[in-house]
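2 protein chains.
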Amino acid sequence: MDYPKKVAKLLKESEIEVGDIITISSEKGVYKGILMPHHEASCEDILTIKLDNGYNIGISVNDESRIFLVERAAKLVGKENKLDFDESKPQITVLGTGGTIASYIDYRTGAVHPALNTEDLAYSVPELAEICNIKAKVLFSMFSEDLTLEHWQKLAKEAALELNSGAEGVIVAHGTDTMGYTSSALSFMLRNLTSPVILIGSQRSSDRPSTDSRLNLISAAQLAVNSDLGEVVVMMHGNTSDSHVVIHRGTKVRKMHASRRGAFCSINEKPLGTVKEGIIEISGSYRKRGKDSVEVLEKMEEKVCLIYTYPGIKAALIDYLAEKNMGIVIAGTGLGHAANQMIESIRNAISNGVYVVMTSQCFYGRVNMNVYSTGRDLMRVGVISGEDMLPETAFVKLMWVLGQTQDPEEVKALITTNLVGEIGVKRELSGPFQSYV
Amino acid sequence: MDYPKKVAKLLKESEIEVGDIITISSEKGVYKGILMPHHEASCEDILTIKLDNGYNIGISVNDESRIFLVERAAKLVGKENKLDFDESKPQITVLGTGGTIASYIDYRTGAVHPALNTEDLAYSVPELAEICNIKAKVLFSMFSEDLTLEHWQKLAKEAALELNSGAEGVIVAHGTDTMGYTSSALSFMLRNLTSPVILIGSQRSSDRPSTDSRLNLISAAQLAVNSDLGEVVVMMHGNTSDSHVVIHRGTKVRKMHASRRGAFCSINEKPLGTVKEGIIEISGSYRKRGKDSVEVLEKMEEKVCLIYTYPGIKAALIDYLAEKNMGIVIAGTGLGHAANQMIESIRNAISNGVYVVMTSQCFYGRVNMNVYSTGRDLMRVGVISGEDMLPETAFVKLMWVLGQTQDPEEVKALITTNLVGEIGVKRELSGPFQSYV
Chain A
1 MDYPKKVAKL LKESEIEVGD IITISSEKGV YKGILMPHHE ASCEDILTIK
51 LDNGYNIGIS VNDESRIFLV ERAAKLVGKE NKLDFDESKP QITVLGTGGT
101 IASYIDYRTG AVHPALNTED LAYSVPELAE ICNIKAKVLF SMFSEDLTLE
151 HWQKLAKEAA LELNSGAEGV IVAHGTDTMG YTSSALSFML RNLTSPVILI
201 GSQRSSDRPS TDSRLNLISA AQLAVNSDLG EVVVMMHGNT SDSHVVIHRG
251 TKVRKMHASR RGAFCSINEK PLGTVKEGII EISGSYRKRG KDSVEVLEKM
301 EEKVCLIYTY PGIKAALIDY LAEKNMGIVI AGTGLGHAAN QMIESIRNAI
351 SNGVYVVMTS QCFYGRVNMN VYSTGRDLMR VGVISGEDML PETAFVKLMW
401 VLGQTQDPEE VKALITTNLV GEIGVKRELS GPFQSYV
Chain B
1001 MDYPKKVAKL LKESEIEVGD IITISSEKGV YKGILMPHHE ASCEDILTIK
1051 LDNGYNIGIS VNDESRIFLV ERAAKLVGKE NKLDFDESKP QITVLGTGGT
1101 IASYIDYRTG AVHPALNTED LAYSVPELAE ICNIKAKVLF SMFSEDLTLE
1151 HWQKLAKEAA LELNSGAEGV IVAHGTDTMG YTSSALSFML RNLTSPVILI
1201 GSQRSSDRPS TDSRLNLISA AQLAVNSDLG EVVVMMHGNT SDSHVVIHRG
1251 TKVRKMHASR RGAFCSINEK PLGTVKEGII EISGSYRKRG KDSVEVLEKM
1301 EEKVCLIYTY PGIKAALIDY LAEKNMGIVI AGTGLGHAAN QMIESIRNAI
1351 SNGVYVVMTS QCFYGRVNMN VYSTGRDLMR VGVISGEDML PETAFVKLMW
1401 VLGQTQDPEE VKALITTNLV GEIGVKRELS GPFQSYV
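Going line by line, the protein sequences match chains A and B.
Residue numbers are given in my numbering: position 182 of the first sequence equals residue 182, and the series is strictly consecutive.
Count along the second sequence from 1, add 1000, and you get the number used in my numbering.
No lab work stands behind these hints, which were simulated from the structure alone.
Careful, some of the hints might be misleading.
[What the hints assert, rightly or not] When the alpha-carbon atoms are kept at most 25 angstroms apart in a straight line, the in silico SDA-like pairs for lysine to any residue are as follows:
#, chain 1, residue 1, chain 2, residue 2
1, A, K324, A, N348
2, B, K1314, A, Y308
3, A, K426, B, G1058
4, B, K1009, B, E1064
5, A, K270, B, G1238
[Stated by the list, open to error] Listed next, the stretches of chain B that the computed footprint assigns to chain A, with coverage defined by at least 3 CB atoms under 8 angstroms from CB atoms of chain A:
#, region
6, 1250-1259
7, 1304-1311
8, 1362-1376
Where a beta carbon is used, it is the ideal one built from N, C-alpha and C, also for glycine.
With the hints as constraints, model all of the structure from the sequences given.
In structure tokens, the structure reads:
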């Protein structure tokens, strides 16, 4: 964002541009740092610089203020970052979508909106060149909350194209907000993966000293090159320090913290593994890489919605959603319950051909509509159990299933069948602990 | 539920009723246990008994089957459970609402729906008599997913009445599904608590060997009698074993597991404390008991809704909800984001006088709409930050605030102000780590 008149004039006189390293003298002293773009929350006499410690400060500018150029901004974008190709190393494709992970160049040059240049990203992490050759493709430059079905489909097709053209892995640089939705969608769409598809993100922009993007990117490349994993996974920091990266199955992962670096959790299963100081540890069962070529089943039905119940929720909301959708995923309470006053509307929706899938807003644990009469009433009207799927995963799965088949029995069977690791093995007896002799 | 004809005939001939202890001979051998009601998932020739180990088994009945009465069901309800009053001990009131915690008598007599008789509950936990005199009041007998605003109001008024009549504490026996919503509502409604109001529940029905209801009830009584706490809290098992009970602040607690005993978590703060083998440990800051009398501010606005965003969510859903509500709580992604295509509808809703509060579907962490342009756009159109409140708590709080005032500035101020522990202290700098010099 451009600076207001007063600051702009001072910058022009000194021939300083955003991204340059400067010193500035103010009433409070002399500061050195990278000139940042105007912050829209700032007053018009405030100039923002990024200090060596990574933090931004705003400095009040007056007629006495003086600015000096220390170093001209390195014009990285599209210039000096041609990477040498090393024939002895495998090739990995980084697909850019936007998000915090892409904000390295952003902050240096001044764009406030997410704008990805993955070549710059790769260039800024020189360790990558020791692992692989990086091929970068920018598909979108968007906040992840704006990505929808069509973006998932584009991503799936591009990932398959890259893997089928010989890439040893695909890394998707993605905003963290909706990463779990996208990883679920790619999990259902991409079959017989010959290499992993790895979503990475960053909870701290890459120009900050606390960034997690470098380690996430390096670890993803290591997994792609040095494992036999053939799944869609999310790789993010395992805790608030920089010690290791956790590998989460794409259908079982959820963002559970708004800002912390270790924000992602595998829900209802242990993470697939970790990468720590280059050492990959994979535990539990996982799908290995397929042979031949990757298949893309990208058809999805857009008319599916996701709704969380709460006390006093209106049954009319179900009527409204049922009119506009082919499928409704409910995040009910506890074992998968909804208020009794909603059951009539749910019954009507189902009679009109709408699929209703029940999940739990607890996230952990498993839907079991056999235990209480509310659950049995819901089953009786035709609600399908989402088992131990996350509400988000059930939502994405219902979209995918309805894109594959219109046969009611097939839809029900597919929803309750584990396809790509989205449903775990039942560990408890179902029902009120009843066995038959 | 009544048994089908074949089993019913056999029971009638043998003069056996549900709840009786019987032996039954079958092809597989002789079994002894309590005759349970018919399980609707069972075939019509199946008779269900509860074994001594607490588990139910279904036994196939044929013409050769013989049943013998071992012991007639003790008709506990309303008969033998008059408790002696001990003048040296304080009095605690147990308010019954329903839920699993109330299913002790249920299973013995055969009712499948929750039906609470708190006197029986107290009678079934004789340790209580050593701590206090129990007064039981059954307010409702409902699944917690069916409780709404009017039930919260009734509960608040009854709790205040009891405390203002000299009770040393109020224990609310409540279904676990929506316990966090009710504890939030009571937290906002009940002020100047002269003793704690403690919600307890049970993840295993009280007739099962693995029940958690006894320990939760005893620990709640201990907290009421032996602490200076003056807040609304939830007390539930801390883990899957029977080792201790955790005290959660009513506005910060969430059910995070569908079935496990240690299902409840304090979110964005440590639990207030624990009770382990009768020892109460309270850490951190808490409100102490007030003097004089408890105040009830029970007015709440019913026209408030809660919606979680997801990829592809329709802006028209916001239009629909805005037409019918005075307030909308959004559980957005990450730091509090919604898709850009929704902002116009949110803006319209706010221009029409609807209050929109942003929370995070991550649950952990804090809304910060200063970091990204999406958040700033949301703030610009008038979205109010829910800070680090749970979406459920923000939903209940908005209902409560709109019941107290109609003044827009007051509403905004109250939402963003910590009233009863629902908003924690900010630990991070806000915005893109900007400070001013």
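Worksheet item: Are the Cα positions of B:K1009 and B:E1064 separated by 25 angstroms at most?
Response: Roughly 13 angstroms between the alpha carbons, so the hint for B:K1009 and B:E1064 holds.
Worksheet item: Are the Cα positions of B:K1314 and A:Y308 separated by 25 angstroms at most?
Response: It holds: about 15 angstroms lies between the C-alpha atoms, which stays within 25 angstroms.
Item to complete: Take a quick look at whether A:K426 and B:G1058 sit within 25 angstroms of each other, Cα to Cα.
Response: Answer holds: A:K426 to B:G1058 is near 21 angstroms, not above 25 angstroms.
Discussion item. Using C-beta distances, would you say chain A covers the region 1250-1259 of chain B, given that this needs three or more residues below 8 angstroms?
Written reply: Per the Cβ count (5), the hint holds.
Worksheet item: Quick check: the region 1304-1311 of chain B, covered by chain A? Criterion 3+ residues, Cβ under 8 angstroms.
Response: Coverage by chain A holds for the region 1304-1311 of chain B (7 residues, Cβ < 8 angstroms).
Discussion item. Run the distance test for A:K270 versus B:G1238: straight-line Cα separation, threshold 25 angstroms.
Written reply: This hinted pair holds, its Cα atoms lying about 21 angstroms apart.
Discussion item. Using a Cβ cutoff of 8 angstroms, are there at least 3 residues of the region 1362-1376 of chain B near chain A, or does the coverage claim fail?
Written reply: holds (count 12)
Worksheet item: A:K324 and A:N348: Cα distance at most 25 angstroms?
Response: holds (14 angstroms)
Of the hints listed earlier, there is not a single one the structure fails to meet.
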